[in-house]
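Here the structure of chain P is known, so what remains is to put chain C in place on it, guided by the hints.
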Amino acid sequence: MADPSPKQVVNGSVAIQTVALSRQFGTLTAVNSLDLSVPSGALFGLLGPNGAGKSTLIKMLITLLPPSGGTAVVAGCDIRHEAKEVRRRIGYVPQLLSADGGLTGRENLGLFAKLYGIPRRQRAQRVDQVLAVMKLDDVAHTLVQRYSGGMIRRLEIGQSLLHEPRVLFLDEPTVGLDPLARQAVWERLQTLRDEYGLTLFMTTHDMEEADRLCETVAIMNHGRVVAMGAPAELKARVREGASLGDVFAHFSGESLEQDGDYRGIRGTRRTASRLG
Amino acid sequence: METIVVSGERVEPLAAWAEAPPLVAFIRQTAAVAEAELHKLRRDPWELLTRAVQPALWLLIFGEVFVRVRGIATGGVGYLSFLAPGVLAQSTLFIAIFYGIIVIWERDLGILQKLLVTPAARTALVLGKGLAASVRGLAQSVIVYVLAAAIGVPLHFGILSIAGVLVFVSLGAVLFSTFSLAIACLLKTRERFMGIGQVLTMPLFFASNAIYPLTLMPRWLRVVAAVNPLTYLVDALRTLMVGAAPDSFSLWLDFAVLALLAVAMVFLAARLYPKVVT
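In order, the protein sequence lines correspond to chains P and C.
With the working numbering, letter number 266 in the first sequence gets 306, and the count goes up by one each step, no holes.
With the working numbering, letter number 49 in the second sequence gets 1203, and the count goes up by one each step, no holes.
Every clue listed holds true.
Distance windows between CB atoms, simulated:
id, chain 1, residue 1, chain 2, residue 2, range
1, C, 1401, P, 68, 51 to 61 Å
2, C, 1195, P, 188, 23 to 33 Å
3, P, 219, C, 1343, 34 to 44 Å
4, C, 1185, P, 68, 40 to 50 Å
5, C, 1185, P, 106, 25 to 35 Å
Just so you know, the hints here were simulated from the structure itself, not pulled from any lab data.
Computed from a predicted structure; not experimentally measured.
A virtual CB, placed ideally from N, CA and C, is assigned to each residue, including glycine.
Okay, chain C solo, but in the shape it has when bound:
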């Protein structure tokens, strides 16, 4: 690389703000971004209510019809019990996978440029958005629990089960929303992004164990399902909400897969984040 010497005295910022340790600064910045999103969500709760429609349709219409198809081997639980965790995972996916449009929207408004010119870590800007998606996912959990209980699904209401569901829904929302942010940074326009969003959502959903078990799938589809993170989210939620099926993975495997991918996606999206403004 060429060496260029430029004269110019180094000036300190006028206000010498004491710099917090990097981890503390990272947590503060992440929380600040998430908090701003939550302020907006708090003022517009209609978004959460309209999002309740889709899980309701899946459970009350699709579920009630398919409960009559007795050929689906659901590992000793009723079909509605099998379906409810799948619907929660699917709702989390659907909320998070279109989250990337926010970055394009904020770029068009000039908000993103200004965020990127602050000294905040780009990973914090990305993770803050991911956590805001988690809160939306957690709101979906409440809706799915209420609907599932109303149609007689025998849900586990133990503290550990509930806490586990909250952790996994949050993790899934962070993973899929940051994946979505990364895709948006590459595509850069709303039109392209919406097209790809549709293309991604359906394969992730249908090549998973959300609405039918892995054992029903042809071998090639089972391979696809094994590398589909939604499968691990559904598996963990099913174990926690209605009890482990005989062919379930361990919760630790589910957690490890989702956590590793979420961390990778946060770093990938942070790396791609500046591309959206260039």
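In isolation and in its complexed conformation, chain P is listed as follows:
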């Protein structure tokens, strides 16, 4: 199997495009006629308070939830009519811990390698490659429940890369991690973008993370994108010397302290507790 060669993505092409994308739950409009364009090879951050529609948007883009209206094209495939083709081209790292603690790192990767249809003769080699890239070769045969938080996150990112996706979706990738592990995950994500030309679409509540990693951030509120641009550009729009937290508060109308509801906090704490 060929290693993904660097910079395969053509600059200027579009990795994700939504057109009037909407989702309703009864009378609640979670995503409201959203138009969004993410260029290929971008490191794109989606910010917004809980209930803004971020999770619903990401679920639609990764084909877990059908839209009520509009559509989106991910890696050139329509999420409504070509869901399976979209799935072949994307990777997904949920906020919750998705690595199975009862399996070893290698078994976790092996399961997904089979589900992604990697042929038997290439499977072991591909799993070895991912273990090496994610610096997990030493613990490949250790049960994941004995991994540190940073190792689990690296394994999960590895799982999502086995099939060499074009677009990687990450939901709060560093929630619950200590500063060192967080730094390691950031470096890994930047490497993926810089060396392999992956498009990274991530949601985060961490303003420092968004500021340091993302070239473009969009702030979502009430199902719509209320501001979008480079972090520096958005900060300048608010006021001189503004932080991204100020930008968030300005456009979402909420301070960071107000953010979060019972369910969201419970999920975050559960993840943090599993990460130890």
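This is chain C only, laid out in the frame that chain P set:
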């Protein structure tokens, strides 16, 4: 439906993995899910040992008491011989009917979302879980055979009988576990699921021929038993383990009922599977 035209070049996956024929891909994906479950089971065999307690209680306590009640017409075999296949069917049901909690657990852990974002067939994800339930059912078979032999039940040990028991236990486990997965996808929370699990288990068990023959039942209950799949599982196991009673159905009928329902449940659960994450 509205037509929306979106521009955007179609990009191929970086790695052009040769796509296997759909049936081969389905078998591989199913086996992968089952294998992952078996890795976990292999590391925690205590689960199998603790599950041995219930059949032991039924055979050694309930069975030994009811063998003294000579009024139960068991078709020419002793009550313990009549009961042993019923206990195996019941164990299979009890293991499988709570299997759906796994899907809720995996949803809460984020594992399910990730499985559903792979291109794997949802039927393969469901059937893989069903096959893992089968392995647990087969382990119960060994326990029930050992217990039944120990209390003097004259079991059939022919290769065909044993093979038949393995097939029917597997089929029953797939049927009840996928039924359970479907229910879990609708209920979505552990609390609701556990409540319904209890509500379903007892009627399925008592409205079957597991511990008393159909002939003892009032007419209305016999009608319920006739549409209860557990009745057909018990009937097949009884025929294979201790010999057919005069009022037994044919093994082919038992097989047809269980296989058709199992296939229907795999498709139903696969259809409902994505609902649990929305």
